[in-house]
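J.: Top line first, the protein sequences correspond to chains A, B, C and D.
Each residue of the first sequence is one higher than the last, beginning at 0 in numbering that gives the first Met the number 0.
Each residue of the second sequence is one higher than the last, beginning at 0 in numbering that gives the first Met the number 0.
Each residue of the third sequence is one higher than the last, beginning at 0 in numbering that gives the first Met the number 0.
Each residue of the fourth sequence is one higher than the last, beginning at 0 in numbering that gives the first Met the number 0.
Some hints here could point you the wrong way.
Identical chains share a label here; the pair holds if one copy fits it or two copies do between them.
With a straight-line Cα cutoff of 30 Å, these simulated DSSO-like cross-link-like pairs (lysine-lysine) come out [unchecked claim]:
| # | residue 1 | residue 2 |
| --- | --- | --- |
| 1 | K81 | K317 |
| 2 | K81 | K297 |
| 3 | K312 | K297 |
| 4 | K288 | K81 |
| 5 | K179 | K312 |
| 6 | K128 | K168 |
| 7 | K317 | K244 |
| 8 | K244 | K168 |
| 9 | K312 | K288 |
| 10 | K288 | K168 |
Hints are computed from structural coordinates only; laboratory data are not their basis.
Protein chains: 4
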Amino acid sequence: MCRFLVYKGRNPILLSDLILNPTHSILTQSYDCRLRLDVRRPHNGDGFGIGYYTSPLLSPEPCIFTSTTPAWNCVNLARLAKKTTSSLVFAHVRATTTGALSESNCHPFSYHSLMFMHNGHIASFQTIKRRLVSALRDEYFLMVEGSTDSEWGFALFLDTLHSLGVDPKSAPPEGFGHQKLREAMLGTIRRLNEFFSEAGVTEPSLLNFAATDGHSVVCTRYVSSRDDEAASLYFSSGTRFHEYKEGGFYRMERHDRGQDLVMVASEPLTFERGDWVTVPTNSVLTINKQTVLIHPIKDQYYQSDPSYRRSMKFAEEKGMVGRGPGDELPATEADGQLKSQLENSASQKLQALVSAA
Amino acid sequence: MCRFLVYKGRNPILLSDLILNPTHSILTQSYDCRLRLDVRRPHNGDGFGIGYYTSPLLSPEPCIFTSTTPAWNCVNLARLAKKTTSSLVFAHVRATTTGALSESNCHPFSYHSLMFMHNGHIASFQTIKRRLVSALRDEYFLMVEGSTDSEWGFALFLDTLHSLGVDPKSAPPEGFGHQKLREAMLGTIRRLNEFFSEAGVTEPSLLNFAATDGHSVVCTRYVSSRDDEAASLYFSSGTRFHEYKEGGFYRMERHDRGQDLVMVASEPLTFERGDWVTVPTNSVLTINKQTVLIHPIKDQYYQSDPSYRRSMKFAEEKGMVGRGPGDELPATEADGQLKSQLENSASQKLQALVSAA
Amino acid sequence: MCRFLVYKGRNPILLSDLILNPTHSILTQSYDCRLRLDVRRPHNGDGFGIGYYTSPLLSPEPCIFTSTTPAWNCVNLARLAKKTTSSLVFAHVRATTTGALSESNCHPFSYHSLMFMHNGHIASFQTIKRRLVSALRDEYFLMVEGSTDSEWGFALFLDTLHSLGVDPKSAPPEGFGHQKLREAMLGTIRRLNEFFSEAGVTEPSLLNFAATDGHSVVCTRYVSSRDDEAASLYFSSGTRFHEYKEGGFYRMERHDRGQDLVMVASEPLTFERGDWVTVPTNSVLTINKQTVLIHPIKDQYYQSDPSYRRSMKFAEEKGMVGRGPGDELPATEADGQLKSQLENSASQKLQALVSAA
Amino acid sequence: MCRFLVYKGRNPILLSDLILNPTHSILTQSYDCRLRLDVRRPHNGDGFGIGYYTSPLLSPEPCIFTSTTPAWNCVNLARLAKKTTSSLVFAHVRATTTGALSESNCHPFSYHSLMFMHNGHIASFQTIKRRLVSALRDEYFLMVEGSTDSEWGFALFLDTLHSLGVDPKSAPPEGFGHQKLREAMLGTIRRLNEFFSEAGVTEPSLLNFAATDGHSVVCTRYVSSRDDEAASLYFSSGTRFHEYKEGGFYRMERHDRGQDLVMVASEPLTFERGDWVTVPTNSVLTINKQTVLIHPIKDQYYQSDPSYRRSMKFAEEKGMVGRGPGDELPATEADGQLKSQLENSASQKLQALVSAA
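Using the sequences plus the hints, can you model the full thing?
T.: This is the structure:
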């Protein structure tokens, strides 16, 4: 029952406008998820992390700040957020599923200029762990510091990227390119599915991943099942994200000249329902500059019929369904309504991108 | 929206049978309060503490273990609870109202052989703080380490006890006696009311306190208002508190030979409704050996009519109403039903004690 | 046995060039003070803090980052320092003298745009505490969150500044002015001396304070004694502070056009002895833009004879003497050599300033 | 540069008499190692842990308390130590060599009734890690939570014990027996040496391990080198360990009826030089009830000539040489003097045991 958030903008945003102030910010989500269906553990109080890129003059690595203090209690987070701006931010609140409470287990993880986070869980991880570990090149095997399935997932992502002929340690000045990152992400999921298959794991895995090299961002909404719904994922894009009314009431403004910023989030940050578009299940979302591209992931778990209703039960039991404060519809319905939502509330351009994918 | 728990028994209890295992243990309460009415802060994740007395051979002071890690994440707490037994235990989970997240702000507080905790809040504490500080003898003024209203309340309790002619630093071998402790507790509340009155504070204070010297225990359920309900408080007594069914299903057993153990708690620990008796509002409960005495606190906020219904609104807004898992009645009704509950479910002896008070 | 460091520059510095990388950085000082004479507690492992001002567009308050994790273990500190630049920085490592280990007890303290830290200790603080507390206006009395003598010293500083006719809450755009800050600092010391005198405290206090409003900085090197030496304090100024040789070898460069940056520190950060000038005992150092002014504090503890040798014993016992890595001379000698050092290594301008004071 | 301590007694000891009060207790060692030769990291402030067995009525597992707060700052440790007694205690203070600061990385590690700790380091661990990981049965591969070489060493120990035909999860009522534990320990070292050999690692490893099942204890003093000295290790045994003079002056009392307690420690806890016997390099010490047995480890790194002087350089550089406060001799000399020490200060019985080994 984690939650994550990605911000990518032409201009930097003050972190507090992103993670502290909005009525349903990720900080609020850390203790007030709207649908606390995961009765085993009703909040995200097991640590958090933010990662952001600074001026390229200060080196291409992101700055990572993690803590095992619950996000709502971390005075340092509140202070830093009010004083830090960035145009590419990852944020994550964590509820322990595997891995002890430890800073080493907090997302986002980073490796040189790359950053990675995960919302979900790798099913029967103990059963496939040895396969995964054995499949890695030494440098990624030795990189893992903590004990989460997600960090091993990152190691696998790096190893897969490496296999594509690039060196994850040394990105070109403009990054690896969004195609390369997307390819590595899809390869990561493919390899995980191979491990599941070899090990006879049939429980679905919830694999909402996000990765970036500081230039492009790639996010998945994915479940290794034909019939179950994935963990929730939304995006919003526009010209300006700003507080239109005091008290944390933020809205996305849109002008016709295209997007200046994109946010991707497990749960919408605001009550403005029209601002948030559901990412279709089993698809990969890419942000190239501020342009959003969505591609379906067409593997054995793909449903070509867009009206097929996946079951919410599994994702809800895992606490992985978040909705916007104004959104009372089940996510599957929301999915079904994607097309009309796009027509009504998001830009025509976005729709075009989705259709093209 | 804190919660507290007191255990006093003829025999020691394994701490995990008290604070970890019961279905609705104080640990569970730390993240799953049944009625999350305090929307500002829906859990008790701001630290916790336990205090317990050990063999008198090891000195009369209690052992205190506190942490700012949420109780549900503290592996040390879980490990210690499985390996520690005591016949007099205080436990507390905290939600910040005043005072930063800091071990110095975790209850229970201790001073030599005395231990103290608070569930509630002192109204407009900033307004009366200087009066309270000025009223204290130097040793209690200088004793305060943290920044909570509750610790200053403890300092006032010690100062009041001191005024009764005893030295809080050096208890007699059998303690100060339950009358002395009760007198000090009532004096503490009286002095707080005087500060409120002098400073013109009219907002009610929720003053559920618990204090012990390692021998007797005194607890209050009190609100400085004629019309509002106090924070919830329950007690249970019997011969044995044990797990009758695997999975945390605990029950209080009772045999005719009187009580062997008493528990007092902000919220019942079990689904066994008949095991828990509501402590009447504005009364003081004393445990002398394993005998429970309840006295009304007859001051300006006393309601002599037992059928008077105080308003739940204030206490609920403060997140101070906890109920048993099987108990859907508002606390005021529960109060109204005290007599019949006693007749039905608790021992006749208890009823006698309450009537006598 | 704390240590502190002030940086003020025309241009921002990368925090890691200040607090992480130099051979004898404050981080290194946190576990490797050259003269571990305080045998009771041989390091500064009780928390740390940094405070820095950001772009004025982001509000005039400083950003404060504190932690109870020893500085050398705080991965967040290391990560942030590599990604944060500022032209006015305070840094502090702490060894507990009074006050529990708690983030509330970490320096620097802040109040709106003001920041404050202390290296030393207020003698017999328990004896004067009530006097100090009673002397404060309510807003500063109520501001204190922790339990250190130093934070109460800050409250007294604010109260003294308030008495000078300004509102500490709302600084003018260019700050309160260096005269005002200096006057408030001197008033703070005067009032402390009055409390000592009234309470009959004769043990010397070590009062190295630093305060800033984001524009000017004022630091004291002070001891309330005629015969004992104060805690050590040094400064360095020049055109550029840079790593001239890999491995943390930093040096202050100077060109004839005056200073571009000033650092004040309990211990020199580098082996470059000529770069560091000892601040004379019982004087106040002011940084106005990048210009350093030093004034003697002429009260009952002043020694007008510049050749008078104060005893190092007291300050050394308190662990308050830090020296540069290349400096084996006792601090009193170093003091005696101030004039020649100035002639040899620091700019003529600095000497003029000191003489004028 | 860690330190560890083992206590095994016929009677329980109050933990504070072991880890807090002695002049040179492990708590003091955490910040005041006498010979701070490891200039890279001059203290043991990276967390600590204690493990102790309680009444067998409370289950055979040890109680583990670990913290990343430096031992000297952990108020919980001080409070618990004053209130906890045990007749079999492990204590460890840690200086990071590999593995982040995290509770998962604190020793002692435990697995059901078994407990394990390590003082030293496994050389080139990254180089042999994959071999070690691949050699483990799944249950021990999956057990590892942290990122230290030491925890993987424990996993290897469990796997080796398993290979001896016992199930580490379920010890017989009287434990596995000291022979079995010793055999597993020697097997662990042998397998590590095989990994080094296969991987071409020639840097010596410092392998002072301690393991127990709650009944017997086995400790090694070992280095994988013919010419270098191992990390220091001492033991003391007698009838009573008590404070003969206020201020932490403890002494081991001996009466002719044999030992009632044994302590094994990286550094002597007291100034009483005659109380501490150096464990010979490359030997294994077993405590069966309160009887000490010492066997040489006769492998490729064994020196049969007892007068051979190993070089202290390597162990000192690693910060692994601790001596008694009254002991200014290099450890090798102390080793050479083992025989005479035994004749003078330790019981004849002990000498006999060593000779027999």
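J.: Each hint should be assessed against the structure and marked as holding or not.
T.: Okay, the hints, checked on the actual structure:
no., hint, in the structure
1, K81 <-> K317, "between (33 Å within a copy, 29 Å between copies)"
2, K81 <-> K297, "neither (42 Å within a copy, 42 Å between copies)"
3, K312 <-> K297, "within (23 Å within a copy, 54 Å between copies)"
4, K288 <-> K81, "both (25 Å within a copy, 26 Å between copies)"
5, K179 <-> K312, "neither (34 Å within a copy, 50 Å between copies)"
6, K128 <-> K168, "both (24 Å within a copy, 22 Å between copies)"
7, K317 <-> K244, "between (35 Å within a copy, 27 Å between copies)"
8, K244 <-> K168, "between (44 Å within a copy, 26 Å between copies)"
9, K312 <-> K288, "neither (36 Å within a copy, 52 Å between copies)"
10, K288 <-> K168, "within (22 Å within a copy, 42 Å between copies)"
Hint compliance for this structure: hints 2, 5, 9 are not met, and every other hint is.
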